[in-house]
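*Asks:* Letter 203 of the sequence shown, counting from 1, is numbered 202 in numbering that gives the first Met the number 0, and no numbers are missing.
If you're looking for bench data, these hints aren't it; they were derived computationally from the structure.
Ideal placement from N, C-alpha and C gives every residue a C-beta, glycine not left out.
Be careful, since some hints might not be right.
[Stated by the list, open to error] Once the Cα atoms are required to be at most 20 Å apart in a straight line, the calculated EDC-like pairs of lysine to aspartate or glutamate come out as:
#: 1; residue 1: Lys129; residue 2: Glu62
#: 2; residue 1: Lys129; residue 2: Glu75
#: 3; residue 1: Lys31; residue 2: Glu20
[To be verified] Pairwise CB distance ranges (calculated):
#: 4; residue 1: Leu124; residue 2: Ala169; range: 41 to 49 Å
#: 5; residue 1: Val85; residue 2: Phe185; range: 42 to 50 Å
#: 6; residue 1: Gly143; residue 2: Glu62; range: 23 to 31 Å
#: 7; residue 1: Glu206; residue 2: Asp166; range: 36 to 44 Å
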Amino acid sequence: MSVPAGVRDQLLSLGSATVGESGGRALHSRIKPAWPGARLAAPVYAVTCPPGDNLAIHVAVAEAPAGTALLVDAHERPERGYWGEVLTTAAEARGLVGLVIDGGVRDVTAVAGHGFPIFSALVALPGATKLGGGAVGGQTRIAGVDVAPGDWVVGDADGVVAVAGGDLEAVLAAAWSRADNETAMFDRLRQGSTTLELLNLDTGSVERAEPPPAQGPDKP
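Start from the sequences, fold in the hints, and give me the full structure.
*Replies:* As structure tokens, this is what we get:
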């Protein structure tokens with residue numbers, strides 16, 4: 000899949016928190032890195048699984064364009080290991096670059112050894128069936144966010160956000176502006192300014208305890 004030059008690196012550099020504050024849509028916080036240090040920025044390929052079955056995921060691994068990340072909705076019965084080392088190996092061979100799943104994964108240590116970025120709702124040992132059903136390649140709703148072809152996903156230690164394909168340029172511009180403003184704020188804070196001053200915060204509603212009375216010197 001053709002990826003605009005530098006977009007992936009920009010999104011990884013900005014991170015999910017900054018992108019999420021700049022127009023990205025945050026997936027539910029239950030979606031977390033399956034292993035420490037996982038980072039992902041890629042166009043999405045959506046998958047919907049029926050309860051407890053991962054045949055649609057196998058289809059997606061075989062058919063999704065190289066350079067994409069699978070976004071899988073398996074929330075109806077998440078306590079299954081929908082993905083493990085076998086699918087990771089297959090996905091790498093097909094040029095896929097990551098997985099976001101509202102459901103369970105397993106073989107986490109082995110997957111971490113591959114360096115394949117996975118963000119999941121949980122780790123689950125029992126395997127999934129492969130009887131049929133589900134859908135691939137269209138739209139889905141995962142962890143509270145609608146995704147469609149052309150959208151992007153960004154994931155790291157702070158969480159996962161989706162960016163609509165049509166909003167990508169505007170989100171990147173807003174995110175870089177926010178990052179530049181924060182860099183300037185860091186400099187001001189190191190010079191002694193407070194966040195109250197820099198953010199122009201109204202503190203009138205905050206109650207403050209009365210200071211204790213001053214104590215005089217002890218008398219002999």
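*Asks:* All hints are to be evaluated individually against the structure, with a verdict given for each.
*Replies:* Evaluated hints:
{"no.": "1", "hint": "Lys129 to Glu62", "result": "holds (17 Å)"}
{"no.": "2", "hint": "Lys129 to Glu75", "result": "holds (16 Å)"}
{"no.": "3", "hint": "Lys31 to Glu20", "result": "holds (18 Å)"}
{"no.": "4", "hint": "Leu124 to Ala169: 41 to 49 Å", "result": "holds (43 Å)"}
{"no.": "5", "hint": "Val85 to Phe185: 42 to 50 Å", "result": "holds (45 Å)"}
{"no.": "6", "hint": "Gly143 to Glu62: 23 to 31 Å", "result": "holds (26 Å)"}
{"no.": "7", "hint": "Glu206 to Asp166: 36 to 44 Å", "result": "holds (41 Å)"}
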